[in-house]
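Enquirer: Kindly generate the complete structure, drawing on both the sequences and the hints.
Order-wise, the sequence lines are chains A and B.
The opening residue of the first sequence carries number 1 in our numbering; numbering runs sequentially from there.
The opening residue of the second sequence carries number 1001 in our numbering; numbering runs sequentially from there.
Note that these hints are calculated values from the structure, not bench results.
Have a look at the derived ranges for each label pair, beta carbon to beta carbon:
#: 1; chain 1: B; residue 1: LYS1178; chain 2: A; residue 2: ASN28; range: 47 to 55 Å
#: 2; chain 1: A; residue 1: ILE52; chain 2: B; residue 2: LYS1182; range: 49 to 57 Å
#: 3; chain 1: B; residue 1: ARG1180; chain 2: A; residue 2: GLU29; range: 47 to 55 Å
#: 4; chain 1: A; residue 1: GLU29; chain 2: B; residue 2: GLY1183; range: 51 to 59 Å
#: 5; chain 1: B; residue 1: ALA1175; chain 2: A; residue 2: LYS82; range: 31 to 39 Å
Treat the numbers as computed from the prediction; the structure is a model and nothing was measured.
Ideal Cβ positions, reconstructed from N, Cα and C, are used throughout, including at glycine.
Now for the letters of each chain:
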Amino acid sequence: MKSRLLTYGAMTAFILISIVGYLIAADNEQVVKITAKRFEYSPKEITVKKGIPVVLEFTSLDRLHGFNCPGLKIRTDIQPGKANTVRFVPDKAGTFPFHCDNFCGSGHEGMKGTITVTE
Amino acid sequence: MKIDRRDFLRFAGFGCVVFASGLGGMGNLTNRAWAAEDDFFFVQLSDTHWGFTGPAVNPDSTGTLRKAVETVNSLKIQPDFIMFTGDLTHVTDDDKDRRTRLAGFRDIIKELKVKNIRFMPGEHDAGLDEGQAFKEFFGETHYAFDHKGIHFMALDNVSDPGSSIGQTQLEWLSADLKPRDKGSPIVVFTHRPLFDLYPDWDWYTRDGAKAIELLMPYSNVTVFYGHIHQEHHDNTGHIAHHSAKGLMFPLPTPGSVPVKNPIPWDANQPYKGLGFRSVEAKGKEARYAISEFNVKGEKL
Chain A
1 MKSRLLTYGA MTAFILISIV GYLIAADNEQ VVKITAKRFE YSPKEITVKK
51 GIPVVLEFTS LDRLHGFNCP GLKIRTDIQP GKANTVRFVP DKAGTFPFHC
101 DNFCGSGHEG MKGTITVTE
Chain B
1001 MKIDRRDFLR FAGFGCVVFA SGLGGMGNLT NRAWAAEDDF FFVQLSDTHW
1051 GFTGPAVNPD STGTLRKAVE TVNSLKIQPD FIMFTGDLTH VTDDDKDRRT
1101 RLAGFRDIIK ELKVKNIRFM PGEHDAGLDE GQAFKEFFGE THYAFDHKGI
1151 HFMALDNVSD PGSSIGQTQL EWLSADLKPR DKGSPIVVFT HRPLFDLYPD
1201 WDWYTRDGAK AIELLMPYSN VTVFYGHIHQ EHHDNTGHIA HHSAKGLMFP
1251 LPTPGSVPVK NPIPWDANQP YKGLGFRSVE AKGKEARYAI SEFNVKGEKL
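Expert: Spelled out as structure tokens, the structure:
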């Protein structure tokens, strides 16, 4: 009986520690939700802080798009009906352009935006 | 000044052209007798964007291609072949309109005297339907052919909307190269640059490095491409890459402005920045004399 109580106690403590740890980590992440549709991102201007992990969560409202930010070396396909997530830690300040890199039609060339990383 | 083959021969000796070679330099070239039996030249036309409208950029959008056709037809000696390196048409989201534009382009270039014409798509032609409409009009999007000792290859880096050549085509490229002598002359045509010219403006090919890796063991490789609407010359190792002017609107030099937009029409210098090129090939020796011309056929 005593050992069972100890086991339950250990498991409970582990779960609590995990939840607290997750919440602390989540609190330290910068989560940005971005929608993509022909031929724009919303938002198209994103600001994040240097050194703090960033999660970009993309949703396509119509077709396949892309997200490519060469200056920060991050890219992903943005597929409709699917979660598209990119994680990175910005290690330099500045403004970095991004664009759609999956050809999506007549306004493709104008589908772009910027990520600004502040100190 | 109208151009003819004599111009090529004359300019070849005076450095008025860009000389490209897999191995050799300009010194060797200028000391050689240029017109041997296996010499020939071809013309590269690119980015005609048939269907584009934008008076501020090109008020003669329906006449520029016709003028270029007339200019090429005016050559006293016609090129052995003509290569169109993509974006024959301007993008439309409508499948029917895409075919109408491809047909319109085809009807104009039918007037070319030279009937040995090769085509490849740009993303405007093929990026929305994986090249389906293009193939209906102009056949395969990647292929190879030989001409007077030179092996020519057209690589498709646009039918995949993500600008990848793709594993299937890379395997084809590898198999096609495999039996060739490492020193044999090879010319590659693409639409987009194979190398990272300026990724912020999408001027690259996602898996272009894989194609370059396959080509690298071959010592005489030259790449001619389009897409960036301007003349540009660069190297990846010993492989030379030459982009051509477009025939609808010029684009700014890579990274020169914050936003990549067509350069507005200059009424004082109509058709400025538009043109085409000729490439005189010293067969089997992988030496090329590149000459740039404006729409009127004046040498630049």
